[in-house]
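2 protein chains.
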Amino acid sequence: MAQAAGGVGGEAAAAALRAVRSCLAAFPAEARELGLMESVPLIDNLPSPLEFYREWVCPNKPCIIRNALSHWPALKKWTLRYLRKVVGSKMVSVAVTPNGYADAVYQDRFVMPEERHMLFSNFLDIVEKKVTSPSVFYVQKQCSNLTEEFPELLGKKPDAVNFWLGESAAVTSLHKDHYENLYCVISGEKHFLLHPPSDRPFIPHKLYLPATYCISEDGSFQVVDEKAADEVPWIPLDPLNPDLEQYPEYAQARPLQCTVKAGEMLYLPSLWFHHVQQSHGCIAVNYWYDMEYDLKYSYYQLLDSLTKAVTMV
Amino acid sequence: MAQAAGGVGGEAAAAALRAVRSCLAAFPAEARELGLMESVPLIDNLPSPLEFYREWVCPNKPCIIRNALSHWPALKKWTLRYLRKVVGSKMVSVAVTPNGYADAVYQDRFVMPEERHMLFSNFLDIVEKKVTSPSVFYVQKQCSNLTEEFPELLGKKPDAVNFWLGESAAVTSLHKDHYENLYCVISGEKHFLLHPPSDRPFIPHKLYLPATYCISEDGSFQVVDEKAADEVPWIPLDPLNPDLEQYPEYAQARPLQCTVKAGEMLYLPSLWFHHVQQSHGCIAVNYWYDMEYDLKYSYYQLLDSLTKAVTMV
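In the order they appear, the protein sequences are chains A and B. The letter at position 285 of the first sequence is residue 285 when you use our numbering, and the numbering goes up by one with no holes. The letter at position 91 of the second sequence is residue 91 when you use our numbering, and the numbering goes up by one with no holes.
Hint data in this document are derived by calculation from the structure and do not stem from the laboratory. It is possible that part of the hints are untrue.
Same chains, same names: a pair is fine if it fits in one copy or spans any two.
Unchecked claim - Simulated pairs of lysine-lysine, DSSO-like, Cα-Cα distance not exceeding 30 Å:
(1) LYS308 with LYS61
(2) LYS227 with LYS129
(3) LYS129 with LYS206
(4) LYS176 with LYS227
(5) LYS227 with LYS157
(6) LYS308 with LYS76
(7) LYS129 with LYS157
(8) LYS141 with LYS90
(9) LYS176 with LYS261
Turn these sequences into a full structure, and let the hints steer you where they fit.
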């Protein structure tokens, strides 16, 4: 930082900027070589809280725990038929989209789903294809009665417990959360595509006006802008079919892909980018724990700011 | 990173470089606000390994544990008189310098101490001022027989256990280690001046030719260059009396200072910069545990590279 206060000649500045860009471009590979595997490690049983913290949470590394849920009655009990019997008459809020993408970039907008209130049994009719619809339906429901269910792996209560049930066309676009995430599959399977936070320099972000899908009388969807809303930063890239002409730097990113099967739990660390697909009618429950806003978080914020600073040009 | 491959105009590059420098200059304060206290926290008793990992090691935060050593017989037993009786006839290697600074920048060299082999009792004569010398003496001795002494706070065996005994003039210059450090004071006290790794942008580093103090026949010291040795990166700044004209950016750094007294243990996290002074004849033992080369380490390396990149100009 010596001489940071003084002005700098154009050529010297360009050289320094090239050096900064080299550092940022080399960083994801360096981080990967030190810490990460080629694939998401599988472990057989729940580790102790100490082991879990030392091996996975503190180093911010994902893993799949195969027999994490073997004691859960839900593993055998929660069939669609059972859910219809027990909660069929409850109203639920369902995310409805024309294409399966809720919360994703579409036509230069950040588009959120239509939130449709319906009977759970009507939603199940669609999942079970007793009724056909051109739209794609996905249920996410907070269910805090499951809060007590989980071993205190993280030494604190979860901030939220979510129930997920949806069609195979329902996709979660690439994004990250400020949570430590324990993702438990009850039936079917989930397919995750993951990027560590250190891949940030290769993952494009842009600002988008927010909008919402609204269904018309004729059943077609319109994209309706939110009024007077702030722009939302989101990732325009589809990691399954990346537009490398527009985002050539993504060619250097290295996604990890994994499938989480019924009875298994994925530890998805905070700030990891994730894109999620699922088998039709997959049932899952996930636990969100507030992350620690510590040195790792500060470093990520720095990486984010620097990536933006060199992308300004 | 978009357009990272293309050339960039001088003015645009200068603007981007200014933005990068702003990020680096703002980072230390942001990291401090999220994670650190105004002073090193004192805790009363040894925490469990899980608590220690969650609260201190993983967030890379120092603390002083006040009653960590109360069960150590050494606390009462290790007087200078006792040490003379038990190990007085052993040969030890003593770091001898004209000024108390072993491993520090002097006259544009990185100067290491004369390593003098002497009877421990002769060294004690100097510490107890039975013999006078214009030089400053400091003993550091590995003592692996203490390896078993310590509770397994870190879940692994230490890489090294060191015994320290020296004069009040013996100072350890500002530097950092790739170790988690448990620093236990047996008698007297140690004074630490600490900087978190996030202060790196404000802490000057330079490359120095290595040299060694050699004592002449007349008792004066000469600085003798090491032959064909690589340059050593070191910190030229004295944090007790910083030259802010030469290193103005250090004015923005925020040292933490603390005193560790007999019976207390400092947890000094990996990669923290530290400068150490002591009371005359202070006896201490420290445990070095290899740090985890994880995401935090990669991020530090990035911070280090970026600081160098913008300082090139």
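How the hints compare with the structure:
Taking identical chains as interchangeable, the C-alpha atoms of LYS308 and LYS61 lie at most 30 Å apart whether they share a chain (25 Å) or sit on different chains (29 Å). Taking the shortest alpha-carbon separations for LYS227 and LYS129, neither the intra-copy value of 36 Å nor the inter-copy value of 81 Å comes in at or below 30 Å. When the C-alpha separation of LYS129 and LYS206 is checked against a cutoff of 30 Å, the pair qualifies neither within a copy, at 37 Å, nor between copies, at 70 Å. Proximity of LYS176 to LYS227 under the C-alpha cut-off of 30 Å is restricted to the intra-copy arrangement: shortest distance 25 Å within a copy versus 53 Å between copies.
Taking the shortest alpha-carbon separations for LYS227 and LYS157, neither the intra-copy value of 36 Å nor the inter-copy value of 60 Å comes in at or below 30 Å. For the identical chains of this complex, LYS308 and LYS76 are neighbours neither inside a copy (48 Å) nor across copies (58 Å), given an alpha-carbon limit of 30 Å. When the C-alpha separation of LYS129 and LYS157 is checked against a cutoff of 30 Å, the pair qualifies neither within a copy, at 37 Å, nor between copies, at 60 Å. Taking identical chains as interchangeable, the C-alpha atoms of LYS141 and LYS90 lie at most 30 Å apart only when both belong to the same chain, with a minimum of 12 Å there against 72 Å between chains.
Taking CA atoms no more than 30 Å apart as the test, LYS176 paired with LYS261 passes inside one copy only; the shortest distance there is 22 Å, against 45 Å between copies.
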